[in-house]
Amino acid sequence: MSLTLPEVAAWIIVVALNAYVLFGGADFGGGVWDLLASGPRRQQQRDLIAHAIGPIWEANHVWLIVVVVMLFVCFPPTFAAFGTVLHIPLSLMLIGIVLRGSAFVFRSYSYGPRSEQRRWGQTFAISSLITPAVLGMCVGAVVSGHVGAAMSAIESGRTGFTAAYIRPWISPFSIAVGAMTVALLSFLAATYLTIEAADDRALQDDFRSRALGAAVAAMALAIIALVLGAGTGDVMARLIKPGWATLVLAGSGVAAVTSAVSLLQRRFQLARVAAAAWVTLVLWGWVLAQFPLIIPPDLTIRAAAAPDRTLVETMAVLAGGAVVLIPSLWYLLRIFKGSGQVVKSPEEPQRN
Amino acid sequence: MPDLLAARSQMAMSLGFHIVFAVVGIGLPALMVIAEWRWIRTGDGAYLELAKRWSKGAAILFAVGAVSGTVLSFELGLLWPGFMRFAGSIIGMPFSLEGFAFFTEAIFLGVYLYGWDRVSRGAHLFAGLVVAVSGVMSGIFVVIANAWMNTPAGFRLVDGNAVDVRPFGAMANAAAFSQTLHMTLAAYAATGLAVAGIHAVSILRGNASPFNRYALAIALSLGAPAAILQPLSGDVSARMVAEYQPVKLAALESHFETQRGAPLHIGGWPDVDTRETRWAIKIPRGLSLLAFHDPNAEVKGLADFPRDEWPPVAIVHIAFQIMVALGTVMALVSVWVLWHWWRGRSIDAVADRRHLLRVLALIAPMGFLAIEAGWTVTEVGRQPWIVYGVLRTADAVTPMPGLVVPFLVFTLLYLLLGAIVVYLLRQQIARAPSR
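Keeping their order, the protein sequence lines are chains A and B. Count the first sequence with the working numbering and you get residues 1 to 352, in order. Count the second sequence with the working numbering and you get residues 1001 to 1435, in order.
These are calculated hints, taken from the structure and not from any lab test. For glycine and all other residues, C-beta sits at the position ideal for the given N, C-alpha and C. Treat the hints loosely; a few may be bogus.
Covered stretches of chain A (chain B as the covering partner; in silico rule of three or more C-beta atoms under 8 angstroms from a C-beta of chain B) [said to hold, decoys possible]:
1) 48-60
2) 78-88
3) 104-115
4) 154-167
5) 303-312
6) 320-329
Let the hints inform the model, and build the full structure from the sequences given.
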């Protein structure tokens, strides 16, 4: 199989999306655990989450911008179709992104009373739940072919408001995908947090049990999504019948079991790798099942692609940018995630 | 509210909101780096305190800028899918580059804010420098994309489709240089003078600590030169508009009939029905002189263009008058303040003169108002086109009905956010040290 230029661009977008899910996604998961913080160590749980996310969330968030920009540069009709049919859920997602990002920073820099900080904490937590749920629903809408069908109907002018702008993204299948996304990202975050909490065994156990619970929920929801998706068109059918996608899906199952077992055995580094592998393989299973379509049921990657010259120049810029970006990211993570030390909040140095 | 108007209002509101944070995100890191550099050079703790204060302001404003910028990148598709379908492959390049600049900025802001005692002093200062430089680069790339909408280049139009797309050619469009220069200077002038004004108020209230004096000195050394250079860059912009967007020039000058030796209208109200400008001060040959540097040059009037290609003349003219007036005041005050500073050889020559401080406090918000007015000129002045002469705004809007709803929702969201940011910044300012 020889790759065409548009396909290379599409794979690069998937890699960026993968990075967003692994880094930014875990920040959303952290917000979910902030919302669900409980027990005697409730405050320590929240502090750990804030310390883990603090220095890196802005950078993690930028992966989404990379995905969006790459999509509209390399596949303009795709971005136009998403923007049109998924106007409402994407707007909801944006509201979530705005509230989450600003509430997180407001909480860090507020001198107000505790109750005020708590309110921003709640805003941060609730929007961390809504945003990935809606994002998952959008993915479900694309996979099931409803976005493509609605776009054709809108272009031919023969459709009503609900059929064009609401029903494509609200279906049992898309809701299951949204719920699975939340469970998976929560699992990912809890697994990462077991390592952040290495100095405090009780806190580590809190997140270990949370990770295990989320893993079970994610597995159950994945099976529900597969069952509900069986009747929703070609893409899901290809996930189930033998092929590359099925192989990847099976791999994600292996990763899921590995991560759960290593959590049980308290092998947290292995659990982190397996958790990231699980999430990654779910993403690639979807992408491979959908290949070569960019919007099912019939818009292909090639048909949606920008002219070759745009693709070549964009990739050249990406390659040049990566030379700056990858060492910078490595530097950031080495400073703040390298030795498992607790990162001080920006308030602390000032008091010295 | 018609859908097109709702979509335009939502985009205008989102941009008008974001631009404030984007501008501070360009200017404030420069201030904080200068303060930190002064601390390393002098060992004076007040400079360190300043760098930390400003970095906190930068963190709050950067976060809001980042999320409101994300909203904008999505809104291009949510509100203007027709524009993205046509233009995505042509003007994606500056957006991709902006993505990298923004990424670099976010990474090194993380290092800067959380790394005070984790990296060496030199590495920390370097991180701040990277934030300041990548902030400027982000702004420049985004403005280049906007400049392309004013002076499209880098493709050929065949049957309404773009062919022979050259992304770098699109970046090298006619308006790119003048617009990016004007915007970068605007960011430094607005932020520098606003920060100077805030610290001037603090001194007026009796807190004449070194902290506030240093702050005044650093903010003025960035803002005042930028404000003084801005009229020159405005001249470059005006001549570009005169050459490439004559209808926009005619609208912003409220100039109806084509003529040689055209007069300059200052103020006044354009009456589009009678095609006259009422109550304006007219400076003979002024417009020809400013637009073409030749008092006898011919300047095209609105009457030379089809009526359906006129932008809303009154809005553009008034916004332009506001921008120029505010910019002029800022430049004059800057000259006056710098003159005192230079004569007194010390910032105390400014900080001890209460009338100077009062004037600085008065002009503090002007840069931001001028920026909003300036964007109104360039965006409303381009109407009815989204891509000048190529694609009409009405043909680019989403087919989704009921757009007034998202417009109202995002307006409420941003009002709330704006109020919270003001509240938090007041908390930060109120805790300024009095040592």
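* Any of the earlier hints contradicted here, and which numbers? -> none
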